[in-house]
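Construct the entire structure; sequences and hints are all you get.
Those protein sequence lines, which keep their order, are chains A and B. Going by the numbering used here, the first sequence opens with residue 1, and the numbers climb by one from there. Going by the numbering used here, the second sequence opens with residue 1, and the numbers climb by one from there.
Hints are computed from structural coordinates only; laboratory data are not their basis. Hints may contain errors.
As a list, the in silico PhoX-like pairs of lysine-lysine whose alpha-carbon atoms are at most 25 Å apart [claimed, not checked]:
{"id": "1", "chain 1": "B", "residue 1": "267", "chain 2": "A", "residue 2": "67"}
{"id": "2", "chain 1": "B", "residue 1": "182", "chain 2": "A", "residue 2": "140"}
{"id": "3", "chain 1": "A", "residue 1": "248", "chain 2": "A", "residue 2": "285"}
{"id": "4", "chain 1": "A", "residue 1": "242", "chain 2": "A", "residue 2": "285"}
{"id": "5", "chain 1": "B", "residue 1": "162", "chain 2": "B", "residue 2": "182"}
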Amino acid sequence: MNPANTLPFRPYISNFLFRKGIKKVFIFLWFGCLSALLSSCSKLNNAESIQVEIWHNGSPLDCGAFKSHQQVWSIQQLAFFISDVTLSGEDTPAQPQLSTTPWQTDDVVLIQPNLHDCTSKSESHDNAASKELVASEALKTNHYLRFAAPVDLDASEQLSFSLAVPFELNHQNPLLQASPLNLPNMFWSWRSGHKFFRLDMQSPDINWVFHLGSVGCSAATTMRSPQSECVQPNRVTFHLDKMYTGAKLVMHLDRLIANTSMQNNDSCLFHSGQESCSILMSNLKTQDVFEWH
Amino acid sequence: MALNMYTAKFIKVTCYLILSSYLLACKPAALSQKEYAWNLPKGFPSPLVPKDNPMSVAKVALGKTLFFDVDLSFNQSISCASCHQPEFAFSEPQKTAVGSTGQKHRRNTQSLVNVAYNSNLTWAHSGLNQIEQQILIPMFSEDPVELGITGHESQVLQRFEKQPYSKLFEDAFDDSQADFDKIVKALASYVRSLTSFDSPFDQYAYQSNDAAMSDAAKRGMELFFSEKLECFHCHGGFNFTQSSQHENQRLDLRPFHNTGLYNVNDKGAYPIDDQGLIEVTLQPNDMGKFRAPTLRNVEVSAPYMHDGSLATLDDVIEFYAAGGRGHGTINPLKSPFLTGFELQFQQKQDLIAFLHSLTDRQFLNLNLNNPLASP
Numbered sequence: 001m002n003p004a005n006t007l008p009f010r011p012y013i014s015n016f017l018f019r020k021g022i023k024k025v026f027i028f029l030w031f032g033c034l035s036a037l038l039s040s041c042s043k044l045n046n047a048e049s050i051q052v053e054i055w056h057n058g059s060p061l062d063c064g065a066f067k068s069h070q071q072v073w074s075i076q077q078l079a080f081f082i083s084d085v086t087l088s089g090e091d092t093p094a095q096p097q098l099s100t101t102p103w104q105t106d107d108v109v110l111i112q113p114n115l116h117d118c119t120s121k122s123e124s125h126d127n128a129a130s131k132e133l134v135a136s137e138a139l140k141t142n143h144y145l146r147f148a149a150p151v152d153l154d155a156s157e158q159l160s161f162s163l164a165v166p167f168e169l170n171h172q173n174p175l176l177q178a179s180p181l182n183l184p185n186m187f188w189s190w191r192s193g194h195k196f197f198r199l200d201m202q203s204p205d206i207n208w209v210f211h212l213g214s215v216g217c218s219a220a221t222t223m224r225s226p227q228s229e230c231v232q233p234n235r236v237t238f239h240l241d242k243m244y245t246g247a248k249l250v251m252h253l254d255r256l257i258a259n260t261s262m263q264n265n266d267s268c269l270f271h272s273g274q275e276s277c278s279i280l281m282s283n284l285k286t287q288d289v290f291e292w293h
Numbered sequence: 001m002a003l004n005m006y007t008a009k010f011i012k013v014t015c016y017l018i019l020s021s022y023l024l025a026c027k028p029a030a031l032s033q034k035e036y037a038w039n040l041p042k043g044f045p046s047p048l049v050p051k052d053n054p055m056s057v058a059k060v061a062l063g064k065t066l067f068f069d070v071d072l073s074f075n076q077s078i079s080c081a082s083c084h085q086p087e088f089a090f091s092e093p094q095k096t097a098v099g100s101t102g103q104k105h106r107r108n109t110q111s112l113v114n115v116a117y118n119s120n121l122t123w124a125h126s127g128l129n130q131i132e133q134q135i136l137i138p139m140f141s142e143d144p145v146e147l148g149i150t151g152h153e154s155q156v157l158q159r160f161e162k163q164p165y166s167k168l169f170e171d172a173f174d175d176s177q178a179d180f181d182k183i184v185k186a187l188a189s190y191v192r193s194l195t196s197f198d199s200p201f202d203q204y205a206y207q208s209n210d211a212a213m214s215d216a217a218k219r220g221m222e223l224f225f226s227e228k229l230e231c232f233h234c235h236g237g238f239n240f241t242q243s244s245q246h247e248n249q250r251l252d253l254r255p256f257h258n259t260g261l262y263n264v265n266d267k268g269a270y271p272i273d274d275q276g277l278i279e280v281t282l283q284p285n286d287m288g289k290f291r292a293p294t295l296r297n298v299e300v301s302a303p304y305m306h307d308g309s310l311a312t313l314d315d316v317i318e319f320y321a322a323g324g325r326g327h328g329t330i331n332p333l334k335s336p337f338l339t340g341f342e343l344q345f346q347q348k349q350d351l352i353a354f355l356h357s358l359t360d361r362q363f364l365n366l367n368l369n370n371p372l373a374s375p
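Below, the structure written as structure tokens:
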């Protein structure tokens with residue numbers, strides 16, 4: 001009895017594996033690798049978010065402390081608003097809608113990155129505890145800009161945004177506004193509106209603060225809204241060319257604080273005549289503080 | 001014709017039946033289910049309430065009775081209201097509290113005004129964010145003893161197994177049996193109900209009534225919200241404390257600050273008997289950090305600070321003008337917003353006038369007539 005009759009497929013397998021088999025296996029592997037590569041490259045044609053990272057001296061900060069100006073600084077708070085997000089490619093620029101979350105409303109997002117205490121060690125948690133931890137972290141930190149519908153970052157070459165809250169949303173009753181536009185620590189008053197950018201830092205000897213927002217706003221009192229734009233709106237707009245895949249928006253902390261002396265009296269809260277404010281504003285405008293990676 | 005008459009009767013009977021079935025089904029809602037209506041101005045967000053302890057009219061009523069009842073302390077000497085006195089916005093006019101055995105508490109009694117909105121409770125505890133958890137401290141703490149229930153649980157509970165409590169518990173929980181879980185839930189519901197938003201400032205800021213505040217208070221308001229004084233950086237938001245959450249605001253803030261009240265070793269240390277948040281977090285940077293309390297009704301909640309060490313609003317303004325007290329002014333851990341400032345006499349009066357405009361007389365009067373005794 002011819003064994004080939006009982007197992008008719010066996011010769012085909014051996015054909016595949018041993019005659020031109022090796023070649024075919026390699027061709028198969030090549031296709032596999034290529035398709036994996038292509039799919040990994042092209043996954044950003046369907047991006048739901050852009051991740052925000054804080055860098056210092058060319059690498060990401062993984063906790064809230066760094067060395068600069070002969071001091072070790074710990075970040076007490078770092079938070080900023082982003083609005084008017086625009087993506088431009090070959091097509092006309094598009095303003096993707098942002099989803100509504102406790103961190104995003106009316107296409108304004110508050111970024112407050114997770115810069116935990118550098119001295120605390122990560123501990124292993126059981127599943128329930130770690131889930132709870134993740135849930136509580138989600139209410140403390142946000143390092144994503146989330147789109148309402150997936151966007152094609154591959155086709156986008158430039159990301160533009162304003163480091164600010166738009167005027168029409170900036171001076172409203174915070175009690176009646178949606179989160180995150182009702183956070184007291186990011187709000188000055190009806191008249192002055194929100195702090196667009198807030199960085200509070202502490203070294204063993206010095207406290208240093210940068211609060212950016214509109215100044216020169218006219219209203220009857222601090223509890224009334226201005227009817228027209230403030231003298232210095234202080235809304236900085238960024239137009240960032242895409243450097244890599246576009247998955248990350250990087251903020252370079254060292255470039256922001258460059259050329260400042262970082263002394264107690266060098267903080268910038270937009271009082272009149274604070275020299276550090278003009279340095280910091282100039283850095284924001286000229287020092288590539290933000291990059292689109 | 002006969003058929004028509006029968007049809008008409010049939011329709012009538014059917015209608016009666018349907019109507020009566022609706023009426024019979026309309027049993028009045030049990031008192032325990034009766035929803036609580038927050039006493040808030042239009043548009044104000046409601047506080048967050050834990051799912052396992054929803055507000056109800058009956059729970060608030062039971063909680064209020066318990067709050068003023070000395071039977072809740074093991075030796076029937078004090079009630080919650082002995083320290084949280086309504087006429088002082090539920091704080092008390094002495095430096096630090098004294099418990100049922102006479103033992104002194106190290107901290108000043110905090111006002112309970114709008115406590116439902118607090119994202120953190122007590123003077124310095126980053127992990128304590130639910131009133132139900134906090135209430136366990138005055139009830140069961142052994143050091144210092146406050147109500148002193150620990151070791152006397154059944155003795156205390158027995159006092160609530162009679163009228164009027166049986167009915168109050170029945171109304172609130174559909175169960176007349178008193179237990180500590182129900183007591184805590186009812187007390188929490190009552191203190192959540194203590195909302196106050198009818199001060200002259202509220203009428204000016206939120207109701208657009210330009211005449212509600214005096215000119216002096218308006219000038220003081222400008223100072224309060226200025227970058228020169230920086231008061232609002234810590235006493236921010238509608239509750240004049242950063243520590244607020246509500247139905248539209250669930251994000252977690254960290255509202256603790258070192259104000260330079262002490263500096264015993266020039267490295268920023270506070271006296272060993274009370275060092276603030278560091279006791280809970282063990283983080284060196286949290287030395288001397290305390291929660292910024294609400295300034296609502298601050299006119300009547302003297303003395304001030306966590307240890308009651310500043311007697312008057314005048315003293316408080318002097319303290320912040322100096323950027324701290326004694327060596328505290330150079331406390332390296334002091335908040336960057338407390339660099340000190342200079343005020344002229346009139347400016348100081350204006351600032352005090354503003355702080356007085358945060359007094360809600362209606363709230364204070366509403367809660368005045370409660371007896372400090374067993375019902």
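Do the hints match the structure? See the list:
no., hint, verdict
1, B/267 x A/67, "holds, 20 Å"
2, B/182 x A/140, "violated, 32 Å"
3, A/248 x A/285, "holds, 20 Å"
4, A/242 x A/285, "holds, 18 Å"
5, B/162 x B/182, "holds, 15 Å"
The structure fails to meet hint 2 from the earlier list, while all remaining hints are met.
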